[in-house]
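**Q** Listed below, chain by chain, are the residues.
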Amino acid sequence: AQTVTQSQPEMSVQEAETVTLSCTYDTSESDYYLFWYKQPPSRQMILVIRQEAYKQQNATENRFSVNFQKAAKSFSLKISDSQLGDAAMYFCAYRTPQGAQKLVFGQGTRLTINP
Amino acid sequence: DSGVTQTPKHLITATGQRVTLRCSPRSGDLSVYWYQQSLDQGLQFLIQYYNGEERAKGNILERFSAQQFPDLHSELNLSSLELGDSALYFCASSVIPGQEQFFGPGTRLTVL
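One line per chain: the protein sequences are A and B, in this order. So the number in the numbering used here is just where the residue sits in the first sequence, counting from 1, plus 18. So the number in the numbering used here is just where the residue sits in the second sequence, counting from 1, plus 401.
Source of the hints: derived by calculation from the structure; they are not laboratory data. Certain hints may be false.
Which stretches of chain B does chain A cover? Using the computed rule of at least three CB atoms under 8 Å from a CB of chain A, they are [as the list claims (entries may be wrong)]: (1) 461-469; (2) 472-484.
Covered stretches of chain B, going by a simulated chain A footprint (3 or more residues, C-beta under 8 Å) [said to hold, decoys possible]: (3) 449-457; (4) 487-498.
From the derived model, a few chain B residues whose C-beta atoms are all more than 10 Å from chain A [stated by the list, open to error]: (5) Pro-409; (6) Ile-413; (7) Val-512.
No residue lacks a Cβ here, since even glycine has one placed at the ideal position from N, Cα and C.
Isolated chain B, as found in the complex (with noise of 0.2 Å):
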């Protein structure tokens, strides 16, 4: 166990919704990334966000936003989805950036 908790492990959703994904990470960490896992991009990051601020992007689509909370906990937001973007989402956390990351289990998003 890593610390690191993602919620809800499995979604099931219909093209055009939005859903919320979200992480606490690990006790005392500030920083939270979010990467996408698909069998046709492989491991992917998308965003990072440090003590409540955003500080770098990566390929996160425009129908994608994350959050970071002052209790330090992340939510994603994946809206209008489509077939491709049915995925495991992963969250991971460190102290601060540039320290080892620490990966939740995975939220698996299947889009119908």
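Just chain A, same shape as in the assembly (with noise of 0.2 Å):
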């Protein structure tokens, strides 16, 4: 069964500094999607950024950004010039392409951003 792992609980950054959250992913499948999801306070889940595997560059948005590095199983999250309303829990997340296709989630990352 595929797991996802985030060994980060609790991360803070100073706004607009950058911070890089941690994602490592367990599985034997080649072809699958990873994901960031941010949970603010109101606790809606709000897709940040996707990656497929298949793909060798590194997805981007706006200031989110991805180091995918499949070979290790590691997907991490950085998010440049930090804002206030970036503070919330961020889920790393697993998807395959066939079968169930849900999403498998880590623990999640409590983001806390200091003015």
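From the two separate chains plus the hints, produce the assembled complex.
**A** Below is the structure:
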């Protein structure tokens, strides 16, 4: 079974600085998708960024980018120019392209932004 | 706003009771997923429906059941409720399985 591990329960960063959230996963499959979701205090799950495993290029979305290391099964999220609105729980998630296509989530990292 | 709606937003009930959570997917989405978020188990996949048919099951208890109706809305039925069933229940939808999942705002269930 696929598993996702986020080893940092909490992180904090100064406003305008850069922070990196770590995620590792375990799978025997070669084709899959990886995601980072943000959950602010409102509890809404918001998709931040996605990465297809077959793509070598790291995904970017404005201030958010990933470092995808397929061989190491690592998928970290970098947030540049951190803003107060970035404060939230961040979940790393894995999804297979076949079968159930369910999302398997990590335990989450709580990110605090210090003004 | 993701376009996925869930009702009710909050639900407080007693042990042993039965409740129904409702989800309306985004317009055009045929696939619905249910997830449970609890303090001890984290975010877990429960069950998936596609165009009215059950497609996949995850860690869903036998006391729980779900269905997707012809108008594509879905209901999650939780019965013989226990304290440990207190959680945030999310519904997500996608156009077809394998496409991006969009999450609803969740239903917070409290079992007293």
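**Q** Please write out, lowest number first, the hints stated earlier that are contradicted by the structure.
**A** 1, 2
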